[in-house]
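Line by line, the protein sequences are chains A and B.
Under the UniProt record's numbering, the final residue of the first sequence carries the number 549; numbering is consecutive throughout.
Under the UniProt record's numbering, the final residue of the second sequence carries the number 613; numbering is consecutive throughout.
Covered by chain A, according to a simulated footprint, are these stretches of chain B (three or more residues, beta-carbon under 8 Å):
hint, stretch
1, 299–306
2, 480–493
3, 512–519
4, 533–542
As a list, the in silico BS3-like pairs of lysine-lysine whose alpha-carbon atoms are at most 30 Å apart:
hint, chain 1, residue 1, chain 2, residue 2
5, B, Lys-280, B, Lys-55
6, A, Lys-523, B, Lys-529
7, A, Lys-229, A, Lys-194
8, B, Lys-320, B, Lys-491
9, B, Lys-539, A, Lys-528
10, A, Lys-528, B, Lys-529
11, B, Lys-20, A, Lys-194
12, A, Lys-194, A, Lys-219
13, A, Lys-229, B, Lys-20
14, B, Lys-223, B, Lys-320
15, B, Lys-491, B, Lys-280
16, B, Lys-320, B, Lys-239
17, B, Lys-20, A, Lys-193
18, A, Lys-219, A, Lys-193
19, B, Lys-539, A, Lys-523
20, A, Lys-280, B, Lys-491
21, A, Lys-280, B, Lys-280
22, B, Lys-223, B, Lys-168
Derived by calculation from the structure, the hints in this document are not laboratory data.
C-beta atoms are modelled at their ideal positions from N, C-alpha and C, and glycine is treated no differently.
Here's the letter readout for the chains.
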Amino acid sequence: MEFAELIKTPRVDGVVLRRPFLPTVEGTLCLTGHHLILSSRQDNTEELWLLHANIDAIEKRFVGSLGTIIVKCKDLRVIQLDIPGMEECLNIASSIEVLSTLDSVSLMYPLFYRPMFQVIEDGWKSFLPEDAFKDLESMTEEWRLSDVNKDYSVCSSYPPLVAVPKDVDDDTLRKAAAFRHGGRFPVLSYYHKKNGMVMMRSGQPLTGTNGRRCKEDEKLINATLRAGKRGYIIDTRTVSVAQQAKARGGGFESEANYPQWRRIHKAIERSSILQESLIKLVEACNDQSHSMDRWLSKLEASNWQTHVKEILTSACLAAQCIDREGASVLVHGTEGTDSTLQVTSLAQIILDPACRTIQGFQALVEREWLQAGHPFQQRCSQSAYSNSKPRCEAPVFLLFLDCVWQILRQFPCSFQFSQHFLVLLFEHTYASQFGTFMGNSASERSKLNLSQKTVSLWSWVNRPQEVERLSNPLYEANCLVIWPSVAPQSLLLWEGVFLRWKRSSRCLDEAYDEMVHIIQYNKELQNKVNNLRRQLAQLETEEAGEKED
Amino acid sequence: VLHLVTTVEQVRLLERFSNKSTSGTLHLTATHLIFVESNNAATTILHHHIASVEKLSLTTSGCPLVIQCRNFRVVHFVVQRERDCHDIYSSLLRLLRPVSYDELYAFSYNPKQNEQQREEGWQLIDLGAEFERMGVPCDRWQLTDVNRDYKICETYPRDLYVPITASKPIIVGSSKFRSKGRFPVLTYFYQEKKAAVCRCSQPLSGFSARCLEDESMLQAISKANHNSRFVYVMDTRPKLNAMANRAAGKGYENEDNYSNIRFQFVGIENIHVMRTSLQKLLEVVGSRFLSVNDYLLGLESCGWLRHVKAVVDAAIFLTKAVTVEGASVLVHCSDGWDRTAQVCSLGALLMDPYYRTIKGFMVLIEKDWISFGHKFADRCDQLDGDPKEVSPVFTQFLECVWQLTEQFPQAFEFSEWLLLQIHEHVHSCQYGNFLANNQRLREELQLGDRTHSLWAFLLREQQNYLNPAYCPTYADAHPVLEPSTLPCHFKFWRNMYHQFDRSMHPRQSVLKNVLTLKESNCQLEDTIKDLETVSTCIKSNQILFKHGISPPTPDPQASPRAQRILPTDTERTVEGSSGTERKESYSDLQETYGAKAEPAVVSLEFGVARMTC
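Chain B extracted, bound-state conformation:
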């Protein structure tokens, strides 16, 4: 039910990179902002997606209102009357700042599903089964119940896997020596070499403190792997940051105290650097009449691609240590829920083809991000919180995955549309999966009873997210992906950061075309079977008929499968994706392309530089 808050007529929506505008009516409901053009085309924006609203100073044509969204949509309205503009502005400010989880859209979103379907949706992913798939528990790793009641670490899930030799006192002692109690636990088990990927937070070592239990814990991890005499400890932070943490009683492992470890800094910057970097990137690519040189210089100076590459480089290091050397690796950063999540999940994606399937990718996110307590609420600003806690860490992870899909077009079952859609809903608060900061809080909120699961929704329409070039047997030849780390392979992800800027995208989509053909191939195969059946039927009827028997004639049209022969709907609309448009759309484009009242002045749009006469 839409509660209409306010409606304003005669509003103009300006196109972002051109001088074109459309006029229509702006509606504000309790959950959405809806702009309806005179031709009934509607632009709908979920309030949760709005990152900021800005009222610019009055101009001759009206009062401009600029709305920036977390899915990188930027809309620029011009409201004729200043009072109306102020109304919308203040209503939005009120609506944009939910203070409690109960106000989030997930609790009112109702996709007309029955209770059973809803419940099944939450049962789709079972992390216990996932560890079993990896071969855990086994003779070296076991499930521990120390955190059954979130008593040891409230940001960890209930079920944790540790080396068999790690006794309860060791676990408790180690957790006390680790930031936020996040002691080393198993996140991925590379069965082939029995090598483990473990994760934790930084040790509270300060300048000299040590903890025998923590040392035993690492020893236990090392002992659980007979392939290697040592365990890598990857501190994903830059060395300077880690050293600075020592002054605050935190820090990193001293190699002298831990036997058999190899310590390594990786140098991924912190959440604040990443936030600023993406902001700068968006400023650069958001400017109109951007020159190629400013674009490239901007890409360089904002550092975003450098950071993305640093994360991928770290994942490659992890993967090589595990798959080539057969060594176990312990990954941490400060709290072990941002960079650690990025590196562990990306490493697993490189090592294990299962995570490159649609279902497997969901499992991966569920495991390394949701269950291990990546603070989605804080990082994605779900409630009106501390702006310093907001950071695009998960977006960056998705981008790393995209960079890999570009290098390995046949290795992934999904296309970038899945990544875009997940990104959309991490911020939409429409599904329960990403709400709150950790599993304990999610249980308190009873999300499983009160909201729907995104995974169920995505799996139901998974044909939209398939990568038509995916080759399931690719994994046999390349179980482990070895991406190139040359900088030229890291590209600006236009379809993410400009996903709503239609004019910048190819006008025709290879992905969509081939996907449609592939679907059509399946249907044609069915049709052929049906037609063949029908024709054998008729032939045998004719024989029967000759013998004077007349059975009913099968009607080929009556076969339900034969009816599906019509080409599938080519209008694939993935919300929030840049998937290209109908065929007519480039004739639309012509309409908008520089048509101006005065014939003597040619204006070029869509990023085409202005003419100097």
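So that you can see chain A by itself, here it is in the shape it has in the complex:
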């Protein structure tokens, strides 16, 4: 299929673009295979370059022969295009509708995108499991890297290499995999250097209604316990949800078969509920009503902040078991690809200072989300405005980013990156020129050969100028565990995402720039003082020398 067939009217003149808090622009609208472009053909005027993939929904309105298309984007922005001529408007609208909902992976923009920047380091090779394992090896010898999943046959959503206890052989892993949802047998997620405790993650055990057990699974997870020590299983579902899962062949670890483990249930909602929550939240944020009561009740009804609190609480619990109780932890929900990953990745943010650096956070996203098989393509194919019936869409990763932002707010000097990085990741999970978030698992990405055919987001991010833009000027390495407060009064609405297009951010941006300026100026002055001191010392020695002469 050719894009040209889908574009009935590639060009319209005299189109007026209206965006919140920006001046209106009149210019020529062009449709290409992947972009909607508006150009005023004047220098210094900002043009619109919008990826079709970023368009979540459109609305058409007509007044006489003047048509208006309201474009609602996945990054939550809403823009308006006034198009003269009914036919042109209809053509543009239908083209956008088709182009923004193309299902075919082979037509996706990352496969066409050619970088305009020089790739210094190929992001596809920046975070290989082998390299991550080298770090682990330097700390402990109790783990090995297994290639039992090298052809993705044991678990389709796992990467080819996973870290497992040294004493457990691949055969045991295969049997344990058959006992776990989606073949997701327990694997290492995090090793806590301070006390050697570990966090593992998996899918739910397939106990079913008749309480099936699997010796190999028990052996596998028991192998992670020190002699005489107990571990914790954090089931991200409530007891009743976990009970209900039994009827569908799932379930949870019984006390009888896992006597060395203590099971704790948390209440992180399923993905369909999270999607509904996002839609309601965005609706509340876009409400133009000036009634305080209406705003607060809509915010409450969206339940978004409740989800944030629930996820953070679960992550704190996992981190606490590891760091405070000195126990190992296994985390799972149902599939082990959503709430499980929220918990394991946030626990690492809390526990591990390395995850709070720009590189370390990328590694975390790579390890705990991309390699761990979070189905990005399914979860992020629609955002909050889409009219089509949601299938598997859910803001699971966005909630994780929101939780990271909450911790960042509470520890503003402990992260090497600023919220810009989090916002950037949010944008790229929904629409991107990079291949990083394409596909649903390592296996899908490998089949599409993305590492050859697309550019990695990390290649872009890790260039010096981008690193600088994403850096937090207040950062000071902090090796401590950082415990966030999850009191409702401590949790804030993430304005940088949800109110981003609802207010002029100029005041806030300028204040931020001023802060950056103060910090940079301080560094300059410090350097200058040091240099002067050095020169002075030299002068004094010279002087002393001359006197001796």
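Once you've looked at the hints, dock chain B against the given chain A.
Relative to the frame of chain A, chain B by itself:
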């Protein structure tokens, strides 16, 4: 001098939102309650700050005593012996109820200052100069001496500004037609458009009464402004309340009787509604294990943010009328000392960048609140008075200002620490500024001779209250602030209502960090100058030396400015603020975080929900 009233040992202080407690000794002095922990850390509470003391029923671990403070601190002690607890309780009840002003702390507070400094402190703010700054007196507005002896209105200041055309009989007549004699006077003059903001109390119009002098007074205000053919009359009350007042012979202006007015209700609720609303808010946020939904529903149902927004909305209306339409506005409520003060002062803050500086903000409070007779003594319960008169009207004003600072981070010279500190001392009765209900009473109490001024204290340590992002030139581009009134911009002011609940705050403070860096920048600049001087000196010495002359070598360390190079003290402690703590403090936090004797039970603290096993 601290007069020790009683000392009780083995007292436990429970943390508010966790299960942690510390033990120590409780001392009661004539002015303070002091709890000293075993590591010598002390919690000090001024008696004036205590709003209520409650003795709960005896438990196995002792007798609980809950103290609620006006600065929103809540402390929960457990005293081992019931008798001791009763002792403290009854002593506190005695100490908490001063019946005369002389008993207030301001009269015994002695900050080791000489008399001259003290006097200078009271001269820092000059309202006459402030009106001059606005451009008053001028050809349309003049200073009147009708109230020189507080004869026309005893709750107004002596110096009042009125239209030149308002004769004495008009003033006297108008004042007789206004509640408590509070006739229309000038409070802010917008020079650019010669538009005036005036304030007064409600007219005694009842259902039909009218007063020609009052009508002339409004006419005079209208005539004093050539930009607009009418004057806005803003009744800040809800229409229903104003109508109800008519039955009591009060009410609002009838547009038929006053020529050239545009009458407008604004709908800010009264002091009783505000008191209840804040009480409800505090109940909501004070509950342990609060869920997000209960929190948000509680925020909604208590109405507090709705009320805050109503005040800001009113100030925006006032500002637009004055700055955009160039019209003069007369603001009133019932008595003209609560809602009127809020709206006039907040409006002025939006219109005039001067009030967004530290000094200007003090002037604003001095003018619209202190001098125009906001009843601080009654509203803040300084003496044992009528609980129905107590209301957080001034707190609400401070919160409105905070909401604006959040929207305009570069427009204000001060940070929220100034607001918190002012709030602290409005209730502390430590300084004379806010004592009593009006200027006449303050003069009778000779506060200027017998107490210290808060403004002097705040200005002396003003570097603590600076907003590092403040941009003085911001005002050139935005002389008038135009805040958004969308409800999502009004947020719960955690740093006020939870200012003592350490666990709820960010563990690191951006504000404090940047402020410290900014200070350090100034010192580094000085150091660079000094070092450069020294090095030029040495260089010229070397030249001199070559010629056989040897002057004394300057020692770089001897320069007093060069010695200040060490990084400034990062331990900024603003009393009563939530300013975050030392770096070690989050390791403290770990200690307290769920450490429990029994390893199998994990307890999560700091608002982290309990685990269900």
